[in-house]
Amino acid sequence: MNVAEAVGRALAACGVEAVFGVVGSGNFHVTNALVAAGARFVAARHEGGAATMADAYARMSGRAGVLSVHQGPGLTNAVTGIAEAAKSRTPLVVLAGEATDRRSNFHIDQDALVAAVGAVAMRVTSGEEAWGRAEEAYRIAVEQRRTVLLSLPLDVQSQPCPATPGSGPATPGSGPASRWAGSESAAGSAAGGAGTAAPVAAAWPAPDGGEGDLPLAAEVDALTRLLAEASRPVFIAGRGARHARRELEALADRTGALLATSAVARGLFRGSPWDLDVSGGFATPLAAELIAGADLVVGWGCALNMWTTRHGSLVPADGQVVQVDLDPAAIGVHVPVDLGVTGDVVAVATALTGLVPAAAGYRSAAVEGRIRAEGRWRAVPYEDQGDGGRIDPRTLTIGLDDLLPAERVVAVDSGNFMGYPSMFLDVPDENGFCFTQAFQSIGLGLATAIGAAVARPDRLPVAALGDGGALMGAAELETVVRLGLPMVVVVYDDEAYGAEVHHFGPHGHPLDTVTFPPADLAAIARGYGFAAVTVTREADLGGVAEWLKGPRDRPLLVHAKVTRDRGSWWLEEAFKGH
Numbered sequence: 001m002n003v004a005e006a007v008g009r010a011l012a013a014c015g016v017e018a019v020f021g022v023v024g025s026g027n028f029h030v031t032n033a034l035v036a037a038g039a040r041f042v043a044a045r046h047e048g049g050a051a052t053m054a055d056a057y058a059r060m061s062g063r064a065g066v067l068s069v070h071q072g073p074g075l076t077n078a079v080t081g082i083a084e085a086a087k088s089r090t091p092l093v094v095l096a097g098e099a100t101d102r103r104s105n106f107h108i109d110q111d112a113l114v115a116a117v118g119a120v121a122m123r124v125t126s127g128e129e130a131w132g133r134a135e136e137a138y139r140i141a142v143e144q145r146r147t148v149l150l151s152l153p154l155d156v157q158s159q160p161c162p163a164t165p166g167s168g169p170a171t172p173g174s175g176p177a178s179r180w181a182g183s184e185s186a187a188g189s190a191a192g193g194a195g196t197a198a199p200v201a202a203a204w205p206a207p208d209g210g211e212g213d214l215p216l217a218a219e220v221d222a223l224t225r226l227l228a229e230a231s232r233p234v235f236i237a238g239r240g241a242r243h244a245r246r247e248l249e250a251l252a253d254r255t256g257a258l259l260a261t262s263a264v265a266r267g268l269f270r271g272s273p274w275d276l277d278v279s280g281g282f283a284t285p286l287a288a289e290l291i292a293g294a295d296l297v298v299g300w301g302c303a304l305n306m307w308t309t310r311h312g313s314l315v316p317a318d319g320q321v322v323q324v325d326l327d328p329a330a331i332g333v334h335v336p337v338d339l340g341v342t343g344d345v346v347a348v349a350t351a352l353t354g355l356v357p358a359a360a361g362y363r364s365a366a367v368e369g370r371i372r373a374e375g376r377w378r379a380v381p382y383e384d385q386g387d388g389g390r391i392d393p394r395t396l397t398i399g400l401d402d403l404l405p406a407e408r409v410v411a412v413d414s415g416n417f418m419g420y421p422s423m424f425l426d427v428p429d430e431n432g433f434c435f436t437q438a439f440q441s442i443g444l445g446l447a448t449a450i451g452a453a454v455a456r457p458d459r460l461p462v463a464a465l466g467d468g469g470a471l472m473g474a475a476e477l478e479t480v481v482r483l484g485l486p487m488v489v490v491v492y493d494d495e496a497y498g499a500e501v502h503h504f505g506p507h508g509h510p511l512d513t514v515t516f517p518p519a520d521l522a523a524i525a526r527g528y529g530f531a532a533v534t535v536t537r538e539a540d541l542g543g544v545a546e547w548l549k550g551p552r553d554r555p556l557l558v559h560a561k562v563t564r565d566r567g568s569w570w571l572e573e574a575f576k577g578h
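If you read the sequence shown in full-length UniProt numbering, its first letter stands for residue 1, the second for the next number, and so on.
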C-alpha cells in the first residue's frame, strides 16, 4: 500500500461516504482509493462547483464533506468554494496533489493560498505518517468545525506505507465524531446563514461526554435569572442549534419565548404556532416588530451578525442580549452581549428547563393570532408589477410554492433576486434550506443544490438562481443530468447583475458593464438535456405543473423573465455592510 491508497482508506474508515471533485493526475490514486474503500465519487465539471457541492453535502447530511482536486490550478479553481466553507465553519477535508518542485508549472504555495481564506493547511510528508495524518485532518475538520487542506506531494504519494493500522473504525460512520455539532460561523449567514433511501438527518448531535459541551453553573444561573425576569423573550436559533429543536421548544414553552432562526437554520421551528421564521433581512414585518420589541433576545448557536440582526435594528434598544455558543471566541463578535454562555445548545437548554419558572412570557392569544395571519411573507399584501412580458418575482415564487411538493430542499444563489425564493418558498424543516452565503459569492447556487440533492435524495431539490449566477455555473447543468437528479432549477432573469444596476443606476452611473442582451436560457438547458419552460406570466407555470405530474425523467429549468424596474429592499440593507 502506498501513501495515496492509505489516505483514501483512512478517510473511508473514518466514515466518509461521498467525495466530490474533478480528477487529474495528482489526485487520481487517492480518489480511486476512496472509491475502492466504499465511498461514492461525484464528478463535477469545475472544481469550484465540486467544492460547493461538498460543502452543501456536509450541511445537509451531517457528515464531513470531502473534496478531491488536482494540484495547482485544481486547487485555485476551488478557492471560492473553499472560502465559503471556511467562513461557514463547514467540516470539510480538501485533498489536493501538490507539486513541491518550484520548477513545476503546477507549483504554488498551497498552504498560504488556503490560509488566506481561513482554512487549515496540513500535509503528508512520509509513508509512516500517512494514515495518521489523514485521520488527524478528518478529526480537526469535525471536532473544530474547520475546512482542512491535506496536501499530498506528488513525490510522496507513491511511497510505501506500513500495514493498515488497526486504530481506524471498522465500519464507515462508526468512528469518533462521524457527526458534528455545528456552531454558526462568525461570518454567519447572509441576509438573514451519495444518498440512501433513508438519509441521516442533518441534526448534528454534540459528542457525548465532552466537558467542553457543558456550560458553567454560574452562566446557567445568570441566564435563569434573565429568563425569569423577561416578559417578552425571543429565541433566535442558528446553525449551531439545528440539532436542538426539541430542547429549545421545551424551554420556550416554559418561558413563553417566541421562536426565530438565522437564515441558515430556516425551517427549524416549522409547525410551531410561535414560529416567526427568519430574523434579519428576510424577516416579515411582523417578525421584525416582535423581535425588536423583545426585552430579552437569546441567540442559540447563532452569530447574531449584521444580517441576522438587520444591522442591529432588531436588537432591542431597552432589552438584554444573550449568546449561547460552543465557541467562546464567537460570543460578542458582532453585537455587544449582556451575557455569554459557553456550551452546547442542547446541554444549556436542558439545564435551564429544569430551573426556570413557568411563565406566559411573550405568548398570548393575540400574538398567536397575528403569527397565524401575518407570519409568512405571502400574507403581506403587494401590488403585482407584472406587465405581460415579465412576471413579478413574488407572483412567480408564490405560484411555485403552491405547485412544488412540500418535501423539498431549496438552495439559493446570491444576488438581487435572492430574497424572493428565501422568503416565499416555504421549507418543511431545518433540512430544507441550504444557504451558502457566508462569502456572498454569486454562482454557487446550482452546485449547492447538487450537493444538497446527493445528501437528501428523498426530497425534491430546488435551485433558485439569478441569470448571472446561472451562467457562471452552467457547466454543472450537465452534472445534474448525468446524476439523474429530478431537480427544478428556477432562473430569475433580469438580464443584468441586478444588484449593481439598482445600487449604481439611481446615481446616474452608466450600466453597460452590468447589463446584457437576452439569452435563451431554456434553450441552453435543453442542450444539456433538461426539460425547460419559459415563464413571463402566471399562466406559464402550467408547464411546471405538467412536469411535476411525471415521469420527471429529466430535470426542469424554469426560465422566468422577471420584472426589473425596482431593486429589492433587502439589497439596500446588504449594501450597508459594504
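Honestly, the hints are just simulated from the structure, not real lab data. Model, not experiment: these values are computed from the prediction. It cannot be assumed that every hint is accurate.
[As the list claims (entries may be wrong)] Below, in silico cross-link-like pairs of lysine to any residue (SDA-like), each with a Cα-Cα straight-line distance of 25 Å or less:
(1) 549 with 538
(2) 549 with 565
(3) 549 with 518
(4) 549 with 365
(5) 549 with 426
(6) 549 with 332
(7) 549 with 531
(8) 549 with 533
(9) 549 with 401
(10) 549 with 528
(11) 549 with 510
(12) 549 with 460
(13) 549 with 534
[Unchecked claim] Okay, the calculated beta carbon distance ranges per label pair:
(14) 370 with 407: 22 to 32 Å
(15) 350 with 316: 22 to 32 Å
(16) 225 with 549: 31 to 41 Å
(17) 405 with 566: 28 to 38 Å
(18) 222 with 372: 30 to 40 Å
(19) 549 with 318: 47 to 57 Å
(20) 350 with 271: 37 to 47 Å
(21) 329 with 513: 37 to 47 Å
C-beta atoms are modelled at their ideal positions from N, C-alpha and C, and glycine is treated no differently.
Okay, the hints, checked on the actual structure:
1. About 18 Å separates the Cα atoms of residue 549 and residue 538, which keeps this hinted pair within 25 Å; it holds.
2. Proximity of residue 549 to residue 565 is assessed by CA-CA distance (about 34 Å); at most 25 Å being required, the pair is judged violated.
3. Taken as a hint, the residue 549 and residue 518 pair is broken in the structure, with Cα atoms around 30 Å apart against an allowance of 25 Å.
4. Pair hint residue 549 plus residue 365 does not hold up; C-alpha atoms about 41 Å apart against a cutoff of 25 Å.
5. Proximity of residue 549 to residue 426 is assessed by CA-CA distance (about 20 Å); at most 25 Å being required, the pair is judged to hold.
6. Taking the CA atoms of residue 549 and residue 332, the gap is near 50 Å; set against the 25 Å cutoff, the hint is violated.
7. Restraint check for residue 549 and residue 531: the C-alpha separation of about 13 Å stays at or below 25 Å, so the hint holds.
8. At most 25 Å may separate the alpha-carbon atoms for a hinted pair to count; residue 549 and residue 533 meet this at roughly 15 Å.
9. With a CA separation close to 16 Å, the supplied pair residue 549 and residue 401 stays within the 25 Å bound.
10. With a C-alpha separation of about 22 Å, the suggested pairing of residue 549 with residue 528 holds against the 25 Å cut-off.
11. The hinted pair formed by residue 549 and residue 510 fails the criterion: a straight-line CA distance of about 46 Å is larger than 25 Å.
12. Proximity of residue 549 to residue 460 is assessed by CA-CA distance (about 13 Å); at most 25 Å being required, the pair is judged to hold.
13. The hinted pair formed by residue 549 and residue 534 meets the criterion: a straight-line CA distance of about 18 Å does not exceed 25 Å.
14. For residue 370 paired with residue 407, a C-beta distance near 28 Å keeps the hint of 22 to 32 Å intact.
15. Taking the beta carbon of each, residue 350 and residue 316 are about 26 Å apart, inside 22 to 32 Å as hinted.
16. For residue 225 and residue 549, the Cβ-Cβ distance of about 57 Å falls outside the hinted range of 31 to 41 Å, so the restraint is violated.
17. For the pair residue 405 and residue 566, the beta carbons lie near 31 Å from each other, so the given range of 28 to 38 Å is met.
18. Between residue 222 and residue 372 the CB atoms are about 34 Å apart, so this pair conforms to the stated range of 30 to 40 Å.
19. Against the hinted window of 47 to 57 Å, the Cβ-Cβ separation of residue 549 and residue 318 comes to about 54 Å, which satisfies the hint.
20. Residue 350 and residue 271 have their C-beta atoms about 21 Å apart, which leaves the hinted 37 to 47 Å range violated.
21. At roughly 40 Å, the beta carbons of residue 329 and residue 513 sit within the given window of 37 to 47 Å.
In terms of the numbered hints stated before, the structure departs from hints 2, 3, 4, 6, 11, 16 and 20, listed from lowest to highest.
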